[in-house]
Amino acid sequence: MKLSYLCTSQISTSRLCGAVLLLLLCVYAFATPLLSAQDAASQNLSQILSLPGGNSWFGTDHFGRDMWVRLADALRLSLSMAALCVLTSAVIGVTLGILAATGPSWVDRTLDGVTTLILALPGLVLVLIFAAIVPGSFWMLYVAISLIQWIEYFRVTRAITQRIARSPEVQSSRLMGFGALYLFRRHYWPAIAPQLVTLASFGAASAILMMASLGFVYVGIQPPLAELGLMIVEHFPYYSDAPWLLAQPLIALALVVLSCHLLGGKKAS
Amino acid sequence: MRLRDLLLKRLLQLLAVSWGVGTLTFILMRALPGDMAYRIAAGRYGMDAVDSDAAALVREELGLDQGAWSTYWSWLGDLLQWNLGNSLVSGQPVSESLWHMLGHSLLLAGAGILLAALIAIPLGLASAHHGGWLNRILLTLSTGMRALPVFVIGLLAVVVFALELNLLPVAGFGTPAHLVLPALTLGLSLAAIANRVVHTEAERVFNAPFYEFAQTKGLSAWQAFLRHGVRNMSVPVVAFFGVQLITVVEGVVMIESLFSWPGIGHGLAHAIFARDIPLIQGAALMMGILFVLLNTLVDLACYWLDPRGGQLA
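So the sequence lines, in the order shown, correspond to chains A and B. Residues in the first sequence are numbered consecutively from 1, following UniProt numbering. Residues in the second sequence are numbered consecutively from 1, following UniProt numbering.
None of these hints come from the bench; they were simulated from the model. Incorrect hints may appear among the rest.
Claimed, not checked - Here are the simulated distance ranges between beta carbons:
1. Pro176(B) with Cys26(A): 39 to 49 Å
2. Arg231(B) with Arg109(A): 44 to 54 Å
3. Lys217(B) with Ala180(A): 51 to 61 Å
4. Arg30(B) with Trp189(A): 35 to 45 Å
For every residue, glycine included, the Cβ atom is placed at its ideal position computed from N, Cα and C.
Produce the entire structure from the sequences given, and follow the hints as far as they go.
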């Protein structure tokens, strides 16, 4: 859906830049383990904090682990988390949004109550509590982040569907006896889909940020796994000896988030 | 939306926060693997000093020997009476340390928001008034800044101002100098988005027919701005600040952890790391309540600025 949308409609250069950048990062993250013989955990204590170049393109960290591979691992973890969260929350959010807009009114009221309840806590605090229940668990983070993010899709879908459901074309479609599935395919989906790219891009960015934030305060993914936020904390003590080591996860994180923001374009209000 | 409905909704949220946090921390308590009482006792007295007597004491104190439901109800009952129990690590009453942390957090948040306003409003107005290259530069800067999570901004600030230039302390608290970097970090991360909102709103008002008429009828640029500009611009900006509150609270959590600022966010992160459940509950609850209260204040401010109530959402 995303690609076909990008190809058929007019897109700005900044969106294209974002897409290309994100694609490059994905290729790097997912192809590196296939192409490289190194693995991210093997230590080489006789070669710690080595400069980029030579055997390892990005140098080695404080345990002599290859940064090129570790960075790819961390990016892969972040991108997988983002993709999973976006997919889950989009499916749940769009489904419930259409249900709330077209179904009986008690569904709408119940869902409105549920969103009010979840939005009452700042997202990060909720994710922190979830992370506390099962420390260091990828899947718990996934559940917690998706739990927050579906609301955005829900609200947008609900608003769009409500508007369209009252329009003459949907009314006449319904009068002619077309079913709910047809209405969805022919009327609702084409209106929702363009918004989804924007929502998904910003959702992916915030999922990646959330995970890195948790890693940064040491309650997210645990060592020895490579994770961007965690790497930033781990490398900070070596700042004066190896500033490039600290810069690598910082730049990687900024690039991923920037590519998502660019791809998302202007945030729909 | 009417004001009464709005306040009712916020009250509902306040209850939802208490129930949500209480339930989640209760689940957290039950989800500790192994013998809960033993683990908590080990956390409190140290691994070596713990024995089954200590575990029995903890079990009795926390009511762990009763069924799940009755424990759950008494847990929620305690919560409603603001009886948050004692910290599992230090043994201090949670509510006492919360008040202590609250002061620090509010100081940081207040200073950060003030700095953000001082940065964002002049820049936004200037770029709307001037346009051209200034606007493009600010747009690029803001986009770049937004791609950086708040803790990265803080880290860069530490590297530049504390490690390289040796101007300010790296972390800690006590003197006003310790407040500068955390507040600057929060201010910058807020201003990155806020200056664009100010810009958009200022542009909208400057190009509006009523504003042009105000100038045509003879008001000076300054008079027109004060009489017709400020209030019209401020409603969406203040409303947007309500949206930004999430950024404030999340920023406070991250910044306090980064700078070892002894506020609620730092307390929360530490409590999670030490699995100090009463403190987790207290800190999360405090953040939730603060969040809802600030949201209510923003609603009231919008209502006061625009009594038509059009912008309330």
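For the range 35 to 45 Å, tell me whether the beta carbons of Arg30(B) and Trp189(A) fit it or not. Hint holds: Cβ distance 42 Å, inside 35 to 45 Å.
For the hint 44 to 54 Å, verify it against the beta carbon of Arg231(B) and that of Arg109(A). violated, 35 Å
For Pro176(B) and Cys26(A), compare the CB-CB distance with the range 39 to 49 Å and indicate the outcome. Given range 39 to 49 Å: holds, Cβ gap about 46 Å.
Lys217(B) versus Ala180(A) beta-carbon gap, inside 51 to 61 Å or not: holds, 57 Å
Hint 2 from the earlier list is the only one contradicted by this structure; the remaining hints agree with it.
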